[in-house]
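Spelled out from the first residue to the last, the chains are:
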Amino acid sequence: MNKELIQLIDISKSFDGQMVLDELNLSIHENEFVTLLGPSGCGKTTTLRILGGFTSPDTGRVVFDGQDITSIPPNKRQLNTVFQKYALFTHMTIAENIAFGLKIKKKTQSYIDDKIRYALKLVNLEGYENRMPDSLSGGQQQRIAIARAIVNEPKVLLLDEPLGALDLKLRQEMQYELIRMKNELGITFVYVTHDQEEALTMSDTIVVMNQGYIQQIGSPESIYNEPENAFVADFIGDSNIIPATMIRDELVEILGTRFACVDKGFGENKPVDAVIRPEDVMLVEPDAGSINGVVTHLIFKGVHYEMEVTANGYEWLVHSTTLFPVGKEVGIQVDPFNIQIMNKPESEDEEAVAIDI
Amino acid sequence: MISKKKWLSVPYLFWSGLFIIVPLGMVVYYGLTDRTGAFTLENITAIATAGHAKALRLSLLLSFVSTVVCFLLAYPLAMILAQVQVKRHNFIILIFILPMWMNFLLRTLAWQTLLEKNGVINHVLSFLHLPALKIINTPAAIILGMVYNFLPFMILPLYNALSKIDGNVINAAHDLGAGHIYTFFRIILPLSIPGIISGITMVFIPALTTFVISSLLGGGKLLLIGDVIDLEFTKTSNWHLGSGLSMVLMIFILINMVLSAIFDKDGEGSML
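These protein sequence lines are chains U and X, in that order. Numbered by our numbering, the letters in the first sequence go through residues 1 to 357 in order. Numbered by our numbering, the letters in the second sequence go through residues 1001 to 1272 in order.
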């Protein structure tokens, strides 16, 4: 892991008495792609604005490269932001937009021209110098916003839901573009989104947030495969979160049936939640699996079929490439390493909430 | 075949034909003819005579000064209004629009009463043993009246244009290293040009053509071009000359309209 570049220390912030961030602590490393992920109102954008200097925290410190920058205004910070809905200067040409920061830094005209060419090449919009922002599509405007930020050679680029306004296809394209740009530039990206797929695709590290608290920090794989609590499990992808009892290490009782698992250290006969991803639920012939159930719903999703199977009074969400018609009796089988055991939520904040995205 | 919806515009078309097009045609007819009905340009060239030119110059000067004063008062206010939260700004805007609900003539008469030699202000001043204010019947009084009456028409388009600037655009300027003053002159001011043009039009044109403010607060001694035209119609009954001078004034209005059309293509700064 590279050296720490940014530290947020005990950051709290409230608006009109409403707590948005509560003693948040976060370290961001050099050359890392960090994504702050969470539903709206979780505090992710506020965290980014505190980093950019547009909002000051009520308490706590922001340390950048060993220096306390908490009270330094945005125009004196060594980081640049790509805003939601681009925020281009519509009265200036593309070249003037990109040159804006460089002119303030009193760079020479030839340096500025070089930088504009370089930045437009990086974002694949060569030859757009004299166009006006309004004549560009949303995706192109977003690229210009990125170009305008990166010509200033920031150590960190902050991106506030930059792909939110684009359509699905373009969004996926831009995700790859962003990864490529980050690798070419070799700088730190701090990315804010509510889109879990975007977060999983691009990030080195995902910070899952909810109601002002960090729920889990980890790599996309660990966030997806080993969610630490019901909120994370529910927010990242679909999952079956089933009340269960940990009988002893590596053995869990789910809905009255005992399953082998790989988790340890939860104690004996302790109530827990078991998380099983829908693609990890294997449907087999009746009595060939651990429990029997009946298929109640079936939807074709393209890549797979999405089925609901009622077994032992729980509706299991199942993804499978094999079709089992509605009404068919099936057996359910789960491999031990696909069962993720979580402690029951201790506070309401960690409670899984229904989220519509 | 005219579609059904277009018929809905008939009442207004009738109205505008009767009260806008026909009178305009009459102004043009009278402006380009003499008392015998023969074609002449004399009514228009009459603007060059000493008295008329002086009135036009004074009108242009006073309207210009009033517009500048309105702009300097309104811009900072509109900036503050554009920043305050939605809940409160409706109330603040109400305060500035409130005078507009009272009759224009009444408000100007009120100023006359206030400013008069034996008016309210001088009573208070003499009570406090301060020297009396002598601004009634001076250009200053006319400017005061113009600014007072037309200020809301400057505030609203400016507020409208400024509140449309995305806060993140200003944040982006700061983010790229711009200080407050640089951001103001390079970002905020240029982006509010539609509102500025619209505000200038809304103040300058009525100020240029007014005759009520100047006759009430100027005491009939300071003649603006509006007063001259008024006199031609009401006192000397020379409709031909009055119409000719009106047409000259319309040229200024047209120039202003062309300017606002150029700078405010999307109608962004347009009123209300």
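Since the hints were derived computationally from the structure, they do not count as laboratory data. Mixed in with the good hints, there may be bad ones.
Straight-line Cα separation of at most 20 Å, SDA-like style, residue types lysine to any residue; simulated pairs [stated by the list, open to error]:
| id | chain 1 | residue 1 | chain 2 | residue 2 |
| --- | --- | --- | --- | --- |
| 1 | U | K105 | X | I1170 |
| 2 | U | K103 | X | K1164 |
| 3 | U | K76 | X | I1170 |
| 4 | U | K155 | U | G66 |
| 5 | U | K106 | X | K1164 |
| 6 | U | K76 | X | G1177 |
| 7 | U | K85 | X | T1209 |
| 8 | U | K85 | X | K1235 |
| 9 | U | K107 | X | K1164 |
| 10 | U | K264 | U | E253 |
| 11 | U | K103 | X | T1183 |
| 12 | U | K76 | X | N1171 |
| 13 | U | K105 | X | K1235 |
| 14 | U | K106 | X | G1177 |
| 15 | U | K270 | U | G289 |
| 16 | X | K1164 | U | H91 |
| 17 | U | K106 | X | T1209 |
| 18 | U | K103 | X | W1015 |
| 19 | U | K264 | U | E226 |
| 20 | U | K105 | U | A95 |
| 21 | U | K115 | X | G1177 |
| 22 | X | K1164 | U | K115 |
| 23 | U | K76 | X | H1180 |
| 24 | X | K1164 | U | M132 |
| 25 | X | K1235 | X | T1209 |
| 26 | U | K76 | X | F1184 |
| 27 | U | K85 | X | D1166 |
| 28 | U | K105 | X | H1180 |
Note that the structure is a prediction, hence the values are computed from the model and not measured.
Each hint tested on the structure:
1. U/K105 - X/I1170: Cα-Cα ~18 Å, so holds.
2. U/K103 - X/K1164: Violated, because 26 Å separates the two Cα atoms, which is more than 20 Å.
3. U/K76 - X/I1170: holds (15 Å)
4. U/K155 - U/G66: holds (13 Å)
5. U/K106 - X/K1164: violated (30 Å)
6. U/K76 - X/G1177: Satisfied, since the Cα-Cα distance of roughly 6 Å is no more than 20 Å.
7. U/K85 - X/T1209: Not OK: U/K85 and X/T1209 at ~44 Å, beyond 20 Å, violated.
8. U/K85 - X/K1235: Violated. U/K85 to X/K1235 sits at ~62 Å, over the 20 Å cutoff.
9. U/K107 - X/K1164: violated (32 Å)
10. U/K264 - U/E253: Since the Cα atoms of U/K264 and U/E253 sit roughly 14 Å apart, the hinted pair holds (cutoff 20 Å).
11. U/K103 - X/T1183: holds (13 Å)
12. U/K76 - X/N1171: holds (13 Å)
13. U/K105 - X/K1235: violated (66 Å)
14. U/K106 - X/G1177: Judged against 20 Å, a Cα distance of about 11 Å means the pair holds.
15. U/K270 - U/G289: violated (25 Å)
16. X/K1164 - U/H91: holds (14 Å)
17. U/K106 - X/T1209: violated (48 Å)
18. U/K103 - X/W1015: Cα-Cα ~56 Å, so violated.
19. U/K264 - U/E226: OK: U/K264 and U/E226 at ~14 Å, within 20 Å.
20. U/K105 - U/A95: Holds, because 16 Å separates the two Cα atoms, which is no more than 20 Å.
21. U/K115 - X/G1177: holds (17 Å)
22. X/K1164 - U/K115: violated (31 Å)
23. U/K76 - X/H1180: Holds, at roughly 12 Å.
24. X/K1164 - U/M132: holds (19 Å)
25. X/K1235 - X/T1209: holds (18 Å)
26. U/K76 - X/F1184: Cα-Cα ~17 Å, so holds.
27. U/K85 - X/D1166: Distance ~9 Å between U/K85 and X/D1166 Cα, so the pair holds.
28. U/K105 - X/H1180: The hint holds at about 15 Å.
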